[in-house]
Amino acid sequence: MATPAQLGLMDAASPVMEEMIYFHDHVMLVLILITCLIFYSMLVLISSKYIYRFLTDGHVIETVWTVIPAIILVVVALPSLKLLYLTDELDSPQLTIKGVGHQWYWSYEYTDYYDIEFDSYMLPLGDLNKGDARLLEVDNRVVLPVDTSVRMLVTAADVIHAWTVPSLGLKMDAVPGRLNQLALQCSRVGTFYGQCSEICGANHSFMPIVIEAVPVETFEAWCDAMLDSE
Amino acid sequence: MYCWHGGSVVKNTTKKGRTMAHQLMRAVPRLVARRAFSTSLARAGGGAGGMPAWQVNPRNVYEDRPDFPMPNVPYVSELSDAQKALKAKEAGDWKSLSDEELKELYRLKFHKTLAEAEAPTGEWKTVVGGTSLIIALTFVLYIIQKKYAMPAMPETCNYEWQEAMMKKQLQMRNNPVEGLASKWDYENNKWK
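For the protein sequence lines, the chains are Z and E, in the order given.
According to my numbering, the stretch in the first sequence is residues 1 to 230, in order.
According to my numbering, the stretch in the second sequence is residues 1001 to 1192, in order.
Read the hints as simulated data drawn from the structure, not as lab findings.
Remember, predicted model here, so these are calculated numbers, not experimental data.
Don't be surprised by glycine CBs; every beta carbon is placed ideally from N, CA and C.
All clues stand as given, with none of them false.
Just some of the chain E residues that point at chain Z, by a computed CB distance under 10 Å:
{"#": "1", "residue": "Phe1068"}
{"#": "2", "residue": "Lys1167"}
{"#": "3", "residue": "Gln1169"}
{"#": "4", "residue": "Arg1173"}
{"#": "5", "residue": "Pro1176"}
{"#": "6", "residue": "Val1177"}
{"#": "7", "residue": "Gly1179"}
Here are the computed lysine-lysine pairs in the BS3-like style, where the Cα-Cα straight-line distance is at most 30 Å:
{"#": "8", "chain 1": "Z", "residue 1": "Lys49", "chain 2": "E", "residue 2": "Lys1103"}
{"#": "9", "chain 1": "Z", "residue 1": "Lys82", "chain 2": "Z", "residue 2": "Lys98"}
{"#": "10", "chain 1": "E", "residue 1": "Lys1183", "chain 2": "Z", "residue 2": "Lys130"}
{"#": "11", "chain 1": "E", "residue 1": "Lys1190", "chain 2": "Z", "residue 2": "Lys130"}
{"#": "12", "chain 1": "Z", "residue 1": "Lys49", "chain 2": "E", "residue 2": "Lys1109"}
{"#": "13", "chain 1": "E", "residue 1": "Lys1112", "chain 2": "Z", "residue 2": "Lys49"}
So the derived label-pair ranges between C-beta atoms look like this:
{"#": "14", "chain 1": "Z", "residue 1": "Gly201", "chain 2": "E", "residue 2": "Pro1151", "range": "21 to 31 Å"}
{"#": "15", "chain 1": "E", "residue 1": "Pro1154", "chain 2": "Z", "residue 2": "Leu90", "range": "34 to 44 Å"}
{"#": "16", "chain 1": "Z", "residue 1": "Cys36", "chain 2": "E", "residue 2": "Asp1067", "range": "23 to 33 Å"}
{"#": "17", "chain 1": "E", "residue 1": "Thr1126", "chain 2": "Z", "residue 2": "Arg178", "range": "54 to 64 Å"}
Could you build the full structure based on these sequences and the hints that come with them?
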């Protein structure tokens, strides 16, 4: 999760998010260069005492400042499109999880091998332990094996929600009557938080998502525990 | 049909028996023609075909503008007798004019010298002062509403909870690449 007063992106927990961070850095460099150029131009023009009253056009400079931005846009667009298609790639997923958005909680179904289904409600302030994150902790987390390609199918039961986990670079609308597919792969063990990202009613801000990436053995033990409890 | 002050446009009449609607109908073409005339003067092309060149101030109104330094009309157009006499003297030999008379002649033609027109006005002090005052007032309003109107912050915002949260985040290895956990020395249990 983010630390207080954090301005930048969180560390990536998936390969796709790593690529997004690189792309963000690339575009930020382009933007800073453009901004510095514009600020410099403005400074020079404002501090100049000369006025040319009969300036009407400048064909050469107009061509230059059309062609160069077009080239800059191509330099930004090529990695952007590559990343766009990368996010859609799904390489033989070993696990499929269904996430269903409700007003105002998420429910998850692991139905590949056995039927594991549970609801994930936000923990209210009174139920938090000292040090827990307010508005982010849930009663039942989404437990996943680390370094495993997972297919996440996202839908909703009532209104449109959105399933988001920024550390993994994931965001997908949960639309009723539609299944949206996400490719999920956690590169490291840890806990990753997200919040509903589509306005869905009064408690839209109070239906978070928590993913717990664990070693495979721990995941198997968790599955056994869930089946026993059901 | 009623106009902005509630009176009827159709019914009320002037002394000459003209209704307001009638007056408006007569005024519109006159106003449009006046606007078209001034626009055509201002937008006329650069000197070709006998048309006047573009002027920033096409009307004969005196204006001190550093970027357009020669107005069409003199500053003082109605001269007193003494000023007329001075103008007549100007028609003769300029060497006979004293410094005071030269300055007087200049002030008849122009309101300000270039240096006076370009001189800073100090308006920036008013702008900065006014803006600072309004920002200060905003702070005061914020403090009042924080003290009397806003509800208390949740306990998760107090120092002990924040400390416990940071400990948990370090245990979870939160952001271990460049973020929080990367700054903690796990072997020696202290910040790097």
